[in-house]
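J.: Taken in order, these protein sequences are the chains called A and B.
Just so we're aligned, residue 1 is where the first sequence starts under this note's numbering, counting upward by one.
Just so we're aligned, residue 366 is where the second sequence starts under this note's numbering, counting upward by one.
Honestly, the hints are just simulated from the structure, not real lab data.
Note that beta-carbon positions come from the ideal geometry of N, C-alpha and C, so glycine has one too.
Hints are supplied without guarantee of correctness; some may be wrong.
Restraint-style ranges between C-beta atoms, simulated for each label pair [said to hold, decoys possible]: (1) Ser321(A) to Gly457(B): 34 to 44 Å; (2) Leu386(B) to Glu219(A): 24 to 34 Å; (3) Gly146(A) to Arg551(B): 57 to 67 Å; (4) Gly457(B) to Ala129(A): 52 to 62 Å; (5) Gly18(A) to Leu614(B): 21 to 31 Å; (6) Leu468(B) to His27(A): 44 to 54 Å.
Chain B is faced by these chain A residues, among others (derived, beta-carbon under 10 Å) [claimed, not checked]: (7) Phe62; (8) Lys84; (9) Leu87; (10) Thr101; (11) Leu117; (12) Arg121; (13) Tyr136; (14) Arg139; (15) Pro163; (16) Leu296; (17) Pro298; (18) Ser299; (19) Pro300; (20) Ser301.
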Amino acid sequence: MTGTSGPSASGGEIRLVGLSRDFGQIHAVRDVNLAAGRGEFLTLLGASGSGKTTTLMMIAGFVTPSRGDILVDGASIAGKPPDKRNLGVVFQSYALFPHMTVAENIAFPLRMRRHGLAETRERTEAALAMVQLSGYADRRVTELSGGQQQRVALARALVFRPPVLLMDEPLGALDRKLREQMQLEIKRIQRSLGITVIYVTHDQEEALILSDRIAIMHEGEVHQIGTPDAVYERPLTPYVASFLGESNFLDGILEDKTDSTSWVRLPSGEKIGAQATALPIGAKVRAMVRPESIALAPSPSGQAMNALPAEIEVCEYLGQSIRYFARSADVTLTVRAPRSDAGHRATVGERVTLYWSQQATLLFG
Amino acid sequence: MRRSYGDVALAGFAALVCLFLVLPSLIVVPMSFNADNLLRFPPQGFSLGWYETYFAREDWRSATWNSLAIALSVTILATALGTLAALALIRGRIAFRNLYIYLMLTPMIVPPIVSAVSMYGVFARLGLVGTLPGMVLAHTALALPFVVINVAAVLQRMDWRVEQAARSLGASAPRAFFLVTLPLIRPGLIVAAIFAFITSFDEVVVALYISGSRAVTLPVQMWSGLRFEINPVVAAVSSLLLAISVLSLIAIGLLRRMASRGSAP
């Protein structure tokens with residue numbers, strides 16, 4: 001941190017209650033209930049059209065909710081104009097003021113709040129130092145690179161010490177290398193300020209890296225909220241499972257179940273085991289298993305394993321891992337095996353057996 | 366750089382077209398320095414006498430002041446109204462948006478003589494004929510479409526997130542407009558204002574009907590000058606007007622270039 005004059009630690013609590021937005025007949029956002037605690041990094045993750053940006057714009061005050069409320073530290077802000085909400089907003093397009101210098105951009109929110117000259121200068125400098133652009137105060141923003149512009153946008157959104165920072169795909173316009181660097185930067189600044197962040201992205205990897213919790217949105221609704229490992233390992237819906245990471249789905253009939261294991265009969269006649277379920281016997285089910293859970297050899301772990309005969313159709317060398325597409329009866333499964341110097345590498349056309357743990361198999365109704 | 370015969374031919378053709386378009390207008394310049402008291406080309410001798418006449422005579426002077434006063438008022442009025450209209454058309458959620466756009470563009474499409482006759486009918490009843498306010502209103506209507514088109518074009522290119530950013534940082538709607546939006550669209554506004562000025566300053570058809578005898582503008586004075594006393598004063602005035610138009614066009618060109626450079630990412 002850069003001393004007491006910099007943006008200081010004062011994360012707020014934000015709560016969305018039944019937030020909805022209709023555009024004509026279309027429900028762009030439907031009954032979203034979310035809460036982010038002080039200093040929490042909450043990501044709204046979804047494909048385009050999932051309602052994540054509309055939700056963020058409702059919080060910022062640029063879209064009027066059709067129903068529901070937005071509370072910051074317990075007080076409703078839904079009726080306030082954007083300039084009275086006191087929230088930091090970072091846009092994908094940076095939205096810097098091209099007719100102002102870097103320092104003028106950052107000082108803008110302080111000017112709006114009628115801070116004194118000395119304090120404005122001091123806080124602007126501290127904010128510049130925070131984003132590591134100390135020598136750039138008098139540059140025109142149009143002379144800066146994309147990454148530098150995004151740093152200016154970040155400093156400008158933080159310099160007035162808002163309780164909550166809203167970020168709308170802030171790294172979408174940057175190339176991969178720079179994006180990874182900025183992710184670290186954002187995380188570092190967020191931790192040091194203790195600010196609450198609502199972050200919107202369609203990039204699942206980015207969401208997993210940055211977030212304390214992820215809310216996965218689809219067609220205007222929140223499908224699941226949880227920590228990155230929870231949403232990845234225990235997805236509640238097939239959509240979440242397919243959107244976050246790669247997944248294999250096997251359709252079948254729930255044939256039998258015990259307290260610990262469910263048994264699914266596949267159309268091919270094979271039977272596989274899966275996690276316990278509350279679904280009734282005889283129900284149509286989808287079993288889901290992650291590609292990295294499947295191996296081409298039985299593991300010695302002693303866990304109950306599923307085994308499915310298959311034929312390798314495609315083999316992709318990805319460096320640290322190898323991805324196979326293996327056909328078993330009428331489904332093609334994706335297998336991701338770590339590359340090892342010693343291990344056997346299957347070839348196209350080879351007949352193999354796919355092994356995976358029954359407890360790594362999730363069931364959806 | 367190598368040039369093919371095609372390029373040379375094209376350049377030559379373009380030069381011919383320009384010459385064909387511009388030369389008839391430029392002919393008034395040597396004519397205005399004529400020592401003779403007839404409008405003729407080539408000029409006989411050299412004299413600044415006709416410029417002297419122009420500046421000395423009361424009817425020419427008052428027509429010039431009228432034209433300037435009207436054109437400047439039109440510039441302010443049309444730019445303000447046209448900017449507000451363009452803002453509403455581009456940003457507002459308006460029913461029948463296209464209908465409004467076409468209505469606002471009609472003064473550009475309707476033949477000037479039709480505008481003139483219909484305005485005369487209405488203005489006569491309101492007692493606006495032969496008054497400066499009447500002229501200002503008539504010319505504002507004519508200038509409005511040029512302002513709307515120019516301002517709408519810059520508004521369409523603008524990134525609205527920039528204004529939203531200003532709002533999110535604590536600027537009220539009016540402050541965000543004046544501190545952020547206005548500076549960003551200023552080059553377009555100035556171009557629009559110059560168009561409005563020229564539209565009024567050069568206008569003759571509507572002015573012939575509306576100006577009466579008490580609000581005579583420069584083009585109207587030239588018109589009567591040509592009809593009643595054919596002498597090179599008209600050529601002198603034309604040369605001055607030509608100079609003003611050329612300077613305005615150069616200004617517009619420079620501003621356009623500034624605007625496109627400013628909006629580049």
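J.: Determine which of the earlier numbered hints do not hold for this structure and return their numbers in increasing order.
T.: The structure conflicts with hints 1, 2, 3, 4, 5, 6, 10, 11, 12, 13, 14, 15, 16, 17, 18, 19 and 20, although it agrees with all the remaining ones.
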